[in-house]
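Protein sequences, first through last, are from chains S and R. According to the numbering used here, the residues represented by the first sequence are 1375 to 1569, in order. According to the numbering used here, the residues represented by the second sequence are 13 to 104, in order.
In short, the hints are calculated from the structure, not lab data. C-beta atoms are modelled at their ideal positions from N, C-alpha and C, and glycine is treated no differently. Careful: at least some of the hints might be erroneous.
Capping the alpha-carbon separation at 25 angstroms, the derived lysine to any residue pairs in SDA-like fashion look like this [said to hold, decoys possible]:
1) R:K100 / S:D1454
2) R:K100 / S:G1452
3) R:K100 / S:P1437
4) R:K100 / R:E67
5) R:K100 / R:R76
6) R:K100 / R:R62
7) R:K100 / S:P1453
8) R:K100 / R:A72
9) R:K100 / R:S47
10) R:K100 / R:F29
11) R:K100 / R:V82
12) R:K100 / R:F57
Over 10 angstroms on every C-beta distance to chain R, these chain S residues come out as not near it, computed from the model [claimed, not checked]:
13) A1381
14) S1383
15) G1419
16) Y1428
17) P1453
18) D1474
19) V1485
20) R1493
21) G1496
22) H1512
23) G1519
24) T1524
25) L1525
26) D1537
27) I1564
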Amino acid sequence: MTAETLARSGPLQQLTDRLAELPRTVQVVPESFVAMIDLRLDPAGAAGSDVVSYLGVDLPTTPSTWVETDAVRVIWLGPDEWLVTSLSRTPQDLEAGLRDAVHGRGAVVDVSGQRTALRLAGEHARDVLSAGCAIDLHPRFFRRGAAVQTLLGLASVVLLALDDTGTSYHILVRSSFAEYLARWLLDAAIEHSDS
Amino acid sequence: MQLITCPYCGPREEVEFHYGGQAHVAYPADPSALSDEEWAHYLFFRDNPRGPFAERWVHALGCRRWFNAVRDTATYRFHHIYRLDEPKPETT
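Just chain S, same shape as in the assembly (with noise of 0.2 angstroms):
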């Protein structure tokens, strides 16, 4: 008898095809995996600055708005709580590691199970976006290190801007809401198909 190992999967998965096939002025890639904490404390106490310390960047203290480092990129989600993700850290290394600097004065918790990251880009990025968003999404108030929760379609999401010419954009959404995006994305991507 052999051991069967499971293999990851994500909620888009079985969407991985159509995606692919999208035109090139809308590029929907998912990004598999990101290690997501939640991490909840009081910005001007002492956790505070040991997080900083720790991350090396300030936690955004500005709504809706995102900073990174070479590993980490910090999310506003609240006044006292930010969203840390990674793409090449493990979660339980970024969740120990943040727990040991906040030292039991917040919460730091490991929610990479909750949302599924996706990547928009492309020319149209902006135009199919603001077919279900009600964000001001032009470029002169969304731009690079802008990060807003809110509704596209009917899932909740926090959209990030990536560039300053609306054309790069990452999407985290619920993971139980992921496939649903998806397929209002590749909805909203037919009229700039090329043909």
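Mind docking chain R on chain S? Use the hints.
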């Protein structure tokens, strides 16, 4: 669609918000001393004015923070929006 200004996130569509009833309903100092009638009044009886009304709201699909707002129940216009740690503004 009406925009509601979240004290943290700024103006957002009203579908992102949930209503939380009357604001500034103080928890009784000594709940066990209350009669059933007084307890029922604390739990269920709320003001229902026509005009400015201090209410609790939550930005449910955004930052998920609670805040208070003075809204005119007749016109649905928001007169004041303030955080929970800020005092209730004077209403006329």
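**Distance restraint between K100 of chain R and R62 of chain R, which requires alpha-carbon spacing of 25 angstroms or less** = Status holds; Cα separation ~18 angstroms.
**Asked** Regarding the pair K100 of chain R and F29 of chain R, is the alpha-carbon distance no greater than 25 angstroms?
**Response** 20 angstroms, holds
**chain R versus G1496 of chain S - minimum CB to CB distance exceeding 10 angstroms, so not interface** = 26 angstroms, holds
**Item:** Beyond 10 angstroms from every chain R Cβ - status for V1485 of chain S
**Value:** 14 angstroms, holds
**Message:** Quick check for students: does the CB of Y1428 of chain S sit more than 10 angstroms from each CB in chain R?
**Reply:** At roughly 24 angstroms from the nearest Cβ of chain R, Y1428 of chain S sits farther out than 10 angstroms, so the non-interface label holds.
**Prompt:** Under the criterion that the straight-line Cα-Cα distance not exceed 25 angstroms, is the pair K100 of chain R, G1452 of chain S satisfied?
**Reply:** 22 angstroms, holds
**Prompt:** Does the alpha-carbon distance linking K100 of chain R and F57 of chain R stay inside the 25 angstroms limit?
**Reply:** 20 angstroms, holds
**Request:** Test the statement that L1525 of chain S is away from the interface with chain R: the closest C-beta pair must be farther apart than 10 angstroms.
**Result:** L1525 of chain S is in fact no farther than 10 angstroms from some Cβ atom of chain R, at 6 angstroms.
**Message:** Holds or violated: K100 of chain R and P1453 of chain S, Cα atoms, limit 25 angstroms.
**Reply:** 21 angstroms, holds
**Item:** Outside-interface status for D1537 of chain S - nearest CB in chain R farther than 10 angstroms
**Value:** Since the minimum Cβ distance to chain R is about 22 angstroms, D1537 of chain S lies beyond 10 angstroms and the statement holds.
**Asked** Given the hinted pair K100 of chain R and A72 of chain R, is their alpha-carbon gap at most 25 angstroms?
**Response** At roughly 22 angstroms apart (the allowed maximum being 25 angstroms), A72 of chain R and K100 of chain R satisfy the hint.
**Prompt:** Given the hint that K100 of chain R pairs with D1454 of chain S, does the C-alpha gap stay at or below 25 angstroms?
**Reply:** 23 angstroms, holds
Hint compliance for this structure: hints 9, 17, 24 and 25 are broken, all remaining hints hold.
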